[in-house]
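Student: Use the sequences and the hints to build the structure in full.
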Amino acid sequence: MAKVLKATDAVIVGLGWTGAIMARELTRAGLDVVALERGPDRDPAADFALPAIRDELRYSVRQELMQDPKMETVTLRHRLDDKARPVRRFGAFLPGDGVGGMGTHWNGNTFRFLPSDHNLRTHLTERYGRARIPDDMTIQDWGVTYDELEPHYARFEALCGVSGKAGNIGGRIQAGGNPFEGPRSGEYPNAPLVSSHANELFRRAATELGLHPFPAPASNSSAPYRNPEGAQLGACQYCGHCDRFGCEANAKATPLSTLAPALGKAPGFRKVTNAYATRVLYDAQTRRATGVRYIDLRSGETYDLPAEIVILSAWVFGNTRLMLLSGIGQPYDPRAGTGVVGKNYCYQIQPTVQLFFKDEELNPFMGAGGLGMVVDDFNGDNFDHADLGFLGGGYISLNSTNGRPISFRPTPPGTPAWGAAWKRETAKWYRKTALVLCEGMNYASRANSIDLDPTYRDMFGQPLLRMTFNFTQNDRAMADYLLGKAAEIGRAMNATIVAPQPRKGDFNVVSYQSSHNTGGTIMGRTPADSVVNRYLQSWDAHNLFVLGSSVFPQNAGYNPTAAAAATAYWCADALVKTYLKSPSPMVQL
Amino acid sequence: MLDRRGFIASGGVLALVPGGAAAAPTADVVTKDNPAATIDATVEPLYALTPREAEFLAAVVDAFIPADDLSPSGSECGVVAFIDRQLAGAYGAGARLYQEGPFQPSNGQPQFGSQSPLAPLAFIRLGIAELDAWAAAQCGARVSQLSPPMLEALLRDVEAGKVAFPRIDARAFLAALLQLSMEGFFSDPIYGGNRGKASWRMIGYPGLPATYAKAIKNHRGRRYEAEPRSIADFL
Ligand SMILES: Cc1cc2nc3c(=O)[nH]c(=O)nc-3n(C[C@H](O)[C@H](O)[C@H](O)COP(=O)(O)OP(=O)(O)OC[C@H]3O[C@@H](n4cnc5c(N)ncnc54)[C@H](O)[C@@H]3O)c2cc1C
Ligand code: SF4
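Read top to bottom, the protein sequences are chains A and B. The C-terminal residue of the first sequence carries number 589 in our numbering, and the numbering is unbroken. The C-terminal residue of the second sequence carries number 824 in our numbering, and the numbering is unbroken.
Misleading hints may appear alongside valid ones.
Facing chain B, from chain A, some residues (calculated, C-beta under 7 Å) [to be verified]:
# : residue
1 : Leu50
2 : Arg54
3 : Arg85
4 : Val194
5 : Tyr238
6 : Asp506
These are computed hints drawn from the structure, not numbers from a lab. Glycine residues also receive a C-beta, built at the ideal position from the N, C-alpha and C atoms.
Tutor: Below, the structure is given as structure tokens:
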């Protein structure tokens, strides 16, 4: 039997980016908030200190800061008729664990989505006609527009001290920024990071090709910075140990570096670590969430924590799984096309071009998480798709990041993977190679979805999530197109060898692609097409809110965190300003 | 089975060290001119593997990472010791590996990653036994007794899918061993491989402390040179 704890105003499940944002906003409004986090607490000063934090084997390869699949993983099948197999080791994506979540070991690329990403179906229908969207492409509008989200994007950028160059301020195009972005209310809080030599080669070539390169917006602070929460960030050291690591210089914006100090002082805030939520307690009669059940991972004891408001911020898999395990909302059935929970699971498709320069010295070990030069000319609907056989796109960038030798030591095509020739080529090219990445979007399709696995269980005997996922024809055609453009840039950079690496075959869970998974508890205009309304409020329980990229109806050609954070701020704003005054559904049908 | 001393006396790993490098220099830093300074792979204690398994690994690791003017061989750099220690520890025992059944073979679909019920220690040991058995049947000798060209040819066959083991996927075994070997060769020397930072010298990776706030600009297009440093150098 679960022990029942003293009730709280709000309980938050998962203390990563979105959970920490919500915790801050609710405590600011005077609520008592308990955050449940399954992983440990983290102390950056002790846990991310030199020299131990510069350990590629421990943090990057053995994934010390990430979710342990022994406790919980997901299963994969490519097609509805296949049998799913468990992901026994994480590879393609790396779910977070512990206070800070994935936000502790993210890279910091902090892109806003395009205005048209937010009202995608309407936009594409208006531009190309309804017939152009394939029947099984189940894309939809978010229900909230870019203009509504703009102040919330800006808030997240201020929180993180994002280093970047604006391309569009209030409709006026700014030289050196991204001319395709939606209008911004102001410049980035920090100047761009210092670009690398490889970044500059890319910038020059892209400019020659008539494209519009700009420095990637990065939550790696280019200078010391104090954020509106009073947290002090240091200046980035270009250490090349960003993605998968904690930041020794406290220059990377994370929930720990930007919000934890203020949260630590907030009256009414309490975090419970090693607390693994297993259910949202749900009263189907009154259609209310009544609290959260969790297991204390140190004692094995089960607790029920009653709460007036329940927030799910347990990332894509955690959110979707808790909804399904708790029986809230109708599970999606991809064959019938009915139900919503688990619908529109999306990922990204990321073909790359490896470049080799015989006469350049690129020092690939110097870099920062978000140190990139980007073109957005082929993202979203920034280019005309009228005569193309696909919809969507992605940014193309050259990132100077992650040049660590266990995982990064590219050799030209045809080089064996070991032996004398491998060694020669590795030694010859390590310092002379750079990667051009295409961040290809993935639009929702009818079969790609998540449900509870009928066979495999977590360490407590609860069903794992099963993902049914594969890339679609649209994704592949789009990726080929992007790859062609990226190779063209590589040639314009005068690379000695231009080696395109297409994404072929079925989706694989082994090689890292991105942790940019989305969907499962999507937002939309009606309960028939979504799990939460435009305020991220559950249609089935007005006191239940779901945060994070699980609410994106489809993915975009960008890293997702700024959009996840902006929608979390937007939700918090509505919750505090509207919901608390009169707790009820905020969208009336 | 040979005991440790007997193994050494019989030539064991020593015989694999090209040019009898084990008898060589006295300085204590391994450089490409001074390959075997502090190296005597034979006196490493073994934590998980048997001497014969270590002998197998030395041969394979040296095929993966042969000695040349760029670096000493994999075993000379401590890669066998690295693999042994990794397999003896949490990783070898299956840390961070979901090991619940049912176990369905991947059926040649590498997209799912390993679906073996075995933790890495057991998997690698079984693979060693299987490849040794294959070599004995096909070439009349254990893997460690093959000449380098014969061993290379055998490993290329495994890599190309031309070798089948009864119980585990031969290619997956080779891939796992290659991955471990590269981890050993390129990781921080604190783990026992990459002795003398041989691989870091080979590619020009400076190691720690990795603070380049100034260098990112003033070394644009210019090679950054530094004596590589390990975590241990900062303790
Ligand atoms: C290596 C890497 C690099 C990345 N780089 C970028 C980048 O450059 N740009 C970008 O935009 N994004 C990047 N991301 C993605 C980014 O980290 C995430 O989008 C972001 O952190 C998600 O925020 P979140 O609040 O939704 O989830 P998280 O930050 O992951 O927080 C979720 C929390 O919920 C907890 N939790 C889950 N289930 C339960 C449960 N049942 N009970 C209790 N707690 C639970 C988890 O332990 C975790 O702490 C990267 C991710 C990785 C792994
Ligand atoms: S690259 Fe910069 S922000 Fe990232 S970990 Fe290093 S110092 Fe921190």
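Student: Work down the list of hints and note, for each, if the structure agrees.
Tutor: Hint check results:
Satisfaction of the interface hint for Leu50 of chain A is found here, the shortest Cβ-Cβ separation to chain B being roughly 6 Å, below the 7 Å cut-off. For Arg54 of chain A, the interface hint holds, the least distance from its beta-carbon to any beta-carbon of chain B being 5 Å, beneath 7 Å. Look at Arg85 of chain A: its Cβ gets to within about 5 Å of chain B, closer than 7 Å, so that hint holds up. The beta carbon of Val194 of chain A is positioned within 7 Å of a beta carbon in chain B (closest approach about 5 Å), and the interface hint is therefore held.
For Tyr238 of chain A, the interface hint holds, the least distance from its beta-carbon to any beta-carbon of chain B being 4 Å, beneath 7 Å. For the restraint placing Asp506 of chain A at the interface with chain B, the shortest Cβ-Cβ distance is roughly 5 Å, inside the 7 Å limit, so the hint holds.
Violation of the numbered hints given earlier is absent; every hint is satisfied by the structure.
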